[in-house]
Amino acid sequence: GGQDGTVRAWDAPDRVLVKAAGRISRPAPILTATERQRFGIGQEVSLPDPQTLQRLMVQAQALDWVEQGHTLARAGAKSAAIAAFEQARQLDSTLALDPEALAQSILRSQVQVLRFAGASIARQGDVDRAVAKFEAALALDPSLPFVPQEEAQRIYSEALVEEGHRLAWQGDVDGAVANFEAALALDSSLTIDPLAEAQRIYAAVLPITTGETVTGTVERGAAGYWRLETNTAGVVTIDLIADNSELEPYLYLYAQDGSTIDESFNFSGGDARVKVVLPQAGRYLIGATGFGDSSGAYRLTVSVEEEASGP
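Under the working numbering, the first residue of the sequence shown carries the number 1, and numbering increases by one thereafter.
In short, the hints are calculated from the structure, not lab data. The structure displayed is predicted, hence computed values, not measured ones. Just so you know, not all the hints are guaranteed correct.
Stated by the list, open to error - Estimated spans, in silico, between C-beta atoms of each pair:
id, residue 1, residue 2, range
1, 217, 100, 49 to 57 angstroms
2, 189, 128, 17 to 25 angstroms
3, 235, 71, 48 to 56 angstroms
4, 200, 79, 53 to 61 angstroms
5, 188, 125, 13 to 21 angstroms
6, 203, 75, 52 to 60 angstroms
7, 229, 193, 22 to 30 angstroms
8, 51, 149, 57 to 65 angstroms
9, 193, 283, 19 to 27 angstroms
10, 261, 203, 22 to 30 angstroms
11, 204, 246, 19 to 27 angstroms
12, 196, 104, 46 to 54 angstroms
All C-beta atoms, glycine included, are put in the ideal place defined by N, C-alpha and C.
Make a model of the complete structure from these sequences and hints.
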């Protein structure tokens, strides 16, 4: 700025200047004490020259049109959004934007947000709210290839099947059957026999005890599951070892509610190890698989170090 310091405020970033331009109708100093403190501006602030002031006014107006364009595009008013962006570009030729491309991009992003929200809500079982989200997305983009009600039910049925698998892995066959039946009621295209599926999954999960070493084979990225039951809390160490094979070990440890406690992998075909504190005695699930499509034989060992008793 000049030696008298009158233009120090205008040496700040343009965005601050544009914000300040909204108050140019007020006598100097044009900013309140709070605003001066926020922007690090001294007490003595004078108005810039008329040309700079006019430029700032135009920039502020252009940004207002840009903001309006964003709002209109998110609401699905694509033509109005394009017009707003064109108005902004006419006011400020330095704006690097393509009105039609920007409006389309914002609209597409809003559709994706609505679809993601709908899917998330559907997985939680709130089908009606999910349908509302999907209908809003469809209103913005009629080319979407789904029927809102069917899409919400399909996603919820998938979540029920996943929960049924988890319950079956943990040995709750009745709970798994109930989930599979509920999924079938929502999506008639499913071709599972609830009881047979629950029993098949449960039978595929083999028991493993602490101090035991078991062997298995991973076929092209498939997973083997092992059920671990502990009678005490403590530090558990699980090793998944590629047994003279091309397997790149990938090891998971799941809690009874299906959440992932920890995971480990080894791209060089060595030992994948999980070592964590089990907060309580109970049933846990171990997943033994390979990274990507790697396959081969493995050895799995488990040991638990009991927590030291208090004094």
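Verification of the hints:
| no. | hint | verdict |
| --- | --- | --- |
| 1 | 217 <-> 100: 49 to 57 angstroms | 56 angstroms, holds |
| 2 | 189 <-> 128: 17 to 25 angstroms | 21 angstroms, holds |
| 3 | 235 <-> 71: 48 to 56 angstroms | 55 angstroms, holds |
| 4 | 200 <-> 79: 53 to 61 angstroms | 55 angstroms, holds |
| 5 | 188 <-> 125: 13 to 21 angstroms | 18 angstroms, holds |
| 6 | 203 <-> 75: 52 to 60 angstroms | 53 angstroms, holds |
| 7 | 229 <-> 193: 22 to 30 angstroms | 28 angstroms, holds |
| 8 | 51 <-> 149: 57 to 65 angstroms | 60 angstroms, holds |
| 9 | 193 <-> 283: 19 to 27 angstroms | 25 angstroms, holds |
| 10 | 261 <-> 203: 22 to 30 angstroms | 24 angstroms, holds |
| 11 | 204 <-> 246: 19 to 27 angstroms | 23 angstroms, holds |
| 12 | 196 <-> 104: 46 to 54 angstroms | 49 angstroms, holds |
Violated hints for the displayed structure: none, as all numbered hints are satisfied.
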